[in-house]
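**Q** If you want the building blocks of each chain, they are given just below.
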Amino acid sequence: MAKSCLLISSAAPYGSSAARDLLDIALTASVFELPVALLLIGDGVLQLKSQQQPQTIAQKNLNAIQASLPLYDLERIYVEAEAMSFYDLQLEDLCLTAQPLQSEEIQALIAEFESVITL
Amino acid sequence: MRFSLIIQASPLQQQAASTALRFAQALLSSGHQLHRVFFYRDGVYTALNSSCTPSDELNLPDAWQAFARAHEIDLVVCIAAGVRRGVISEEEAHRYGKHTATLAAEFDLSGLGQLIEATLVSDRIVTFGGRA
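One line per chain: the protein sequences are A and B, in this order. Just so you know, we're using numbering that gives the first Met the number 0 here: the first sequence kicks off at 0 and counts up by one. Just so you know, we're using numbering that gives the first Met the number 0 here: the second sequence kicks off at 0 and counts up by one.
Bear in mind the hints are in silico, worked out from the structure with no lab data behind them. Please note: incorrect hints may appear among the correct ones.
As the list claims (entries may be wrong) - Here are some, though not all, of the chain B residues that point toward chain A, as calculated from beta-carbon distances under 8 Å:
id: 1; residue: Leu47
id: 2; residue: Gly112
id: 3; residue: Thr118
id: 4; residue: Ile124
Glycine included, every Cβ here is placed at the ideal spot set by N, Cα and C.
Can you make the complete structure from the sequences, with help from the hints?
**A** Printed below as a string of structure tokens:
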């Protein structure tokens, strides 16, 4: 079976460099043909919120990089359902198609991967 | 079992940085292999040769270098993260017009591809200092 890797982030989009650093790993993995999936938990679900305007705080818009993920065959994107409701986010508020997961489904997802990298 | 480590923890602010070294030492003494240690994010400060540690404190950069020399361990610093933080080799210093290289001996600057390669060939990947 081919190796696969799950990237997990619980970081808000602009409070630290975690979201950007995570995307760098995701894109590199794709170049090396390592299948990766993305799981955003807690504050991490905010990374995918569309219509971000980070230029007002001199940051690059993450949505621009996120939009390229499907082109890199990174289509397995998961969000924690509980965090989505905590922030009153609907799937339509996100800039990419993502699948919401309950906590027991998150456990099953993590178990599916040979390696997991957390940022 | 073959392990690789990802170190994101700042060597001076997070205990995870020194936990990582002790974990690496424990791996080898338990008969495991260590394929690579990849320094990412603020973890790259571990490879800064201009840092000065008080003499009565653990000098993490020196300790990693001694460990790498003793066991021929591959210590790789993410080049993008390193350059942003001033951890640069002779070659990068020249490229960016800086006077001095600051990358400590035993560390190599390379790309995130080295992290992905480590993920592909290792049985286990262990991250220190994630979630920050």
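**Q** Where does the structure disagree with the numbered hints, that is, which hint numbers, in rising order?
**A** 1
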